[in-house]
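The whole structure should be built from the sequences, with the hints applied where relevant.
Protein chains: 4
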Amino acid sequence: MMKYNKKELLKQKIQHIDIKKFNSVPMIESFNHMAFQSRNLARACKIYDTMLKDKDCTTILCLAGSLVSAGLKKVIAELINYNMIDIVVSSGAIIVDQDFFEGLGFHHYRGFINADDNKLRELMIDRIYDTFIDEEDLRSCDMTVKKIADSMKPEAYSSREFIYEMGKYLDKHGKNSESFVYAAYKKEVPIFCPAFSDSSAGFGLVFHQAKKKDHISIDSVKDFKELTDLKIKSKETGVLMVGGGVPKNFVQDTVVAADILGINTPMHKYAIQLTVADERDGALSGSTFKEASSWGKVDQSFEQMVFGEATITFPLLANYAYHKGSWKHRKTKKLNDTFING
Amino acid sequence: MMKYNKKELLKQKIQHIDIKKFNSVPMIESFNHMAFQSRNLARACKIYDTMLKDKDCTTILCLAGSLVSAGLKKVIAELINYNMIDIVVSSGAIIVDQDFFEGLGFHHYRGFINADDNKLRELMIDRIYDTFIDEEDLRSCDMTVKKIADSMKPEAYSSREFIYEMGKYLDKHGKNSESFVYAAYKKEVPIFCPAFSDSSAGFGLVFHQAKKKDHISIDSVKDFKELTDLKIKSKETGVLMVGGGVPKNFVQDTVVAADILGINTPMHKYAIQLTVADERDGALSGSTFKEASSWGKVDQSFEQMVFGEATITFPLLANYAYHKGSWKHRKTKKLNDTFING
Amino acid sequence: MMKYNKKELLKQKIQHIDIKKFNSVPMIESFNHMAFQSRNLARACKIYDTMLKDKDCTTILCLAGSLVSAGLKKVIAELINYNMIDIVVSSGAIIVDQDFFEGLGFHHYRGFINADDNKLRELMIDRIYDTFIDEEDLRSCDMTVKKIADSMKPEAYSSREFIYEMGKYLDKHGKNSESFVYAAYKKEVPIFCPAFSDSSAGFGLVFHQAKKKDHISIDSVKDFKELTDLKIKSKETGVLMVGGGVPKNFVQDTVVAADILGINTPMHKYAIQLTVADERDGALSGSTFKEASSWGKVDQSFEQMVFGEATITFPLLANYAYHKGSWKHRKTKKLNDTFING
Amino acid sequence: MMKYNKKELLKQKIQHIDIKKFNSVPMIESFNHMAFQSRNLARACKIYDTMLKDKDCTTILCLAGSLVSAGLKKVIAELINYNMIDIVVSSGAIIVDQDFFEGLGFHHYRGFINADDNKLRELMIDRIYDTFIDEEDLRSCDMTVKKIADSMKPEAYSSREFIYEMGKYLDKHGKNSESFVYAAYKKEVPIFCPAFSDSSAGFGLVFHQAKKKDHISIDSVKDFKELTDLKIKSKETGVLMVGGGVPKNFVQDTVVAADILGINTPMHKYAIQLTVADERDGALSGSTFKEASSWGKVDQSFEQMVFGEATITFPLLANYAYHKGSWKHRKTKKLNDTFING
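Just so you know, the protein sequences line up as chains R, Y, H and G, in that order. All residue numbers for the first sequence refer to this note's numbering, where the first residue is 384 and numbers rise by one. All residue numbers for the second sequence refer to this note's numbering, where the first residue is 384 and numbers rise by one. All residue numbers for the third sequence refer to this note's numbering, where the first residue is 384 and numbers rise by one. All residue numbers for the fourth sequence refer to this note's numbering, where the first residue is 384 and numbers rise by one.
By construction, these hints were calculated from the structure, which means they are not laboratory data. Check each hint, because a few of them may be wrong.
Pairs count within a copy or across copies, as identical chains cannot be separated in the list.
Claimed, not checked - Once the Cα atoms are required to be at most 30 Å apart in a straight line, the calculated DSSO-like pairs of lysine-lysine come out as:
#1 LYS390 to LYS707
#2 LYS595 to LYS536
#3 LYS386 to LYS502
#4 LYS502 to LYS711
#5 LYS569 to LYS438
#6 LYS530 to LYS438
#7 LYS438 to LYS536
#8 LYS386 to LYS555
#9 LYS404 to LYS429
#10 LYS594 to LYS530
Take a look at the structure:
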């Protein structure tokens, strides 16, 4: 019978994969002559490389799922550092509970699936499938969010603005420089979180609002407005989606939002999605790009969905693009500069 | 070769299933003695019925996926009308693009999967899997949202407050009384949309903000605060989730949010999820309630996930609970009254 | 801590759903005006009803998955008893380990998922997801198969011939008349098992061959030959598939086999599949009927796949067809009579 | 509008990935410190390597799905050539329609998903998801099977015996030496096909039986007997499953079959499955090894299921094991020699 001891359970840290340490190019080139998802992945890799070669293309990375707790933080950070991504749109948990959390010096741990969750709860250990987190660390992260909110002028902010402040905080107080929130801060890459409060940020911000009469608010309309402005300013856009959910829809919708503002912008020229979702339930996460093209959101010429779990497919794709080197001719777009405070 | 003619394509309206017109109880009782998902569904039905019998239990309905466009509007409306649901937490599209949209008198149409999406786009027809929508109707819906926003005092609102205004609008100008946004307005059932701007509402609100200097904003923190307050005020809570996504996480998180505010609230006592998501990608939508119990969010005693697509499983479950009649002893909780304006 | 006591664990028998005791027709008619899988299921129901109305149509039921242990035995038996199915093609486990097994008087039991499988093994309890079986009962079933084999003239038999002998055995020694193997025996409905040895039958037959020098053999070519002959003799054919696997492929292949024998037979005119399989891995179980039509196996006019787990979808479909009553004009085809011994 | 021209459509041959041309070891080692399926895959890789190090272990490869048409032929052939696999159990299509077919000099071709299947049928092109096949080539393959059958003494054969004859045929008449049926023939590695007639072999054999009065038969009991004998003779066994279906069940069942023959054999000590199947429908393909351990078939100490499509996961796993080199200490077991004719 297993003994549940907190120290023992939180021992093996999740380590983030480094796409510089291996080379998937020969394998992906082989995949291109095969079938099913290997060929789909190869095509997705080629489309991403084409995006990076296209000088007119602004690249948008959409993130959903527990990607950073699973060891994909460095992959994302490197895409930002090597100018391979110009804009990030993410779920809240990835940004706050996972990346910012690790930036503060905390860790995720290798756990196991068949844990006794009641015992974990007693020990204040949270589980994500096969990964463990110290709930006390998470509480500390929540309070840091509150502290940042307390220090800001009481106004309505976009999530992008708040996340920029989080980057600034890491710059001063961070304990782990591999955070991609921090990398984005330094590179002036805007990060949007359309459902920002649905995360550890929400805990800190609710506490902030409960304690301060003059408090900040997070205006999701402002987010949508800012992202639409960036879409309008970009000649072409390409979207690389890891998972589906709100980020997928939010980015696709900017084309329509621009149109409503009276500005004719092209559909997203390139679109890739790595997903396990299925189209047969009619939900957004698994909906095809062909369907999105009926809405005028995504062009059908360069689109590819890959059916596979992201901890395997995303490092392969990022690695391929890294080693092909088309990013070497790209410059930092510094899109945060577009906005007054950014 | 099929001719694409807009009038022909938008001919057969989606009709909403009426749970009063059939009786699934004998079938569900049989399912209880079988195996796999039939038994899981039977157990979920029984848990929902138990929730309705529990006088201390506030019931929360979480909605994600294209449920209303698929014909489930009346099911949701009836759950509200018969006091079977006290709080709704939903994705934006269901509320605005689908339910409010139909409340304005517009419709969804039976389409087909293998449509030529380029031709649909030319005709301004949007596709959701096998369903068609007139894009021009959607634009009219967007503009109605803008009109409502224009009429409001320029402040930070929760999505709940804005959706209440939408209900009020339908009360005056609505053309189809079966809307569940309207039903909730009348019954004082609060509806929360944690990612409100990620919907047709976003289009209207971005337009509103672009045109007006003194404009409203949607504060997602306020949503989280209000929902947490309702959680705190409820003796016990039970959650019925259709799909996963942001609503699932948002509701689960209220237990932790209460704790952070210094108030000890019980975990959600009952939890049901109807989903096709899989736990093996580690993402939230498919994560088990056992996992949620490690986080202190959901109690393990009365929880059941059912693997199945919601257009089949949700009417069966709602029908069972309707015919069992335990709701007859429930009263309207009028939780919108809790808040100043509600 | 749960105590593992065999008597306690094997207490609640699986009970088979009775499609005469409820009526899904109003619900299915509503599903027809909805979307996603509810509409797909409604269309599948209508196609099955059309098959039953078509006087030229021989109906073939394909079975894969643990259907009988899950409580679907009576559904299958009633389809046979009411002349709704003319031929059955099945996986071995359904026929031998599950249906014949229950015909001998044994039972399946309601179990649970998170069982300690090591403890179950010590108690000789086998688990199928949430269902328990007494391994000692299964051994008795294996030995009955051996006994039947021992009594047969040492020759090469098709699985159909052997299963006919099993029906005859149940007629004399059976203890539960609800067996569909028995129903098929009485109705002269042939049952084919293309991978017959991959089941409890295999155990009995291996033992038979090990003990007897002059022993019988199961010739899977003979099965294919016989099924192809039935395809050739049928004016039209319609296939109702529950699950995929070998039965799906085997039945589809008969059209090609006929062609190779120099006889031009039409493709299967009607095809329905209830499945959770996905087309994206390129495997047969999830492959679309459109793909099958490229092979000349299935006509595209009346085909429908329904994404859903069979313990829910199959009773609904069978119930619909039962209550529509088109089977009342059908007669027993007694296709076993086609063959000399049958 | 696309023109359907057979020559144009059958132009780009599927090319088989070569695991000697890249090195996945550094990536897999990184995966081991991550989460979800990357970590599961890393663990599966390590288990396979452990199997190869275990001198007492007979390794069994189970194959289901369209693996060879998808470009995985060389992976399988190399596992055989480097003594990494001692026994193969496969679906029929992989052996006959795909590997033997290519051994005769025919090819699979890169196609596309949204093809007009009616037009493909007119051109005698068969589609597997995104892959095309010339139906005329397949017919030629069927006839070769018939020719082999015609040349054999009219008796009951196991599929293993027949497949050995196919290897012999390729040795004399083959036009592509990369066939793994041929590799297995040379290495005396037995190949079993529990549902042999459910494939292109079935077509040839049905034709053979229809034309010859004294014909051969394929006795699936004999297969089960032979495989059980090999299980009994092996000190320990490890199973590497690509996909599920009949091969998965067949191999698992040998432990029970041995027990029924009165011989106590250990459970399979090692078990790996690469699959997209889901346990929630209760079917065999997605059933867990923990469940299999309740049946006494698989030991729980070294088992790992990996959720992912095999064209990506299988080359990664095979590559890892190849580069780790533990196979260098293994010898050909020549298990075909166990049997008289083998």
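Point to revise | Broken hints, by number | key: Going through the list in order, the structure violates hints 1, 4, 6, 7, 8 and respects the others.
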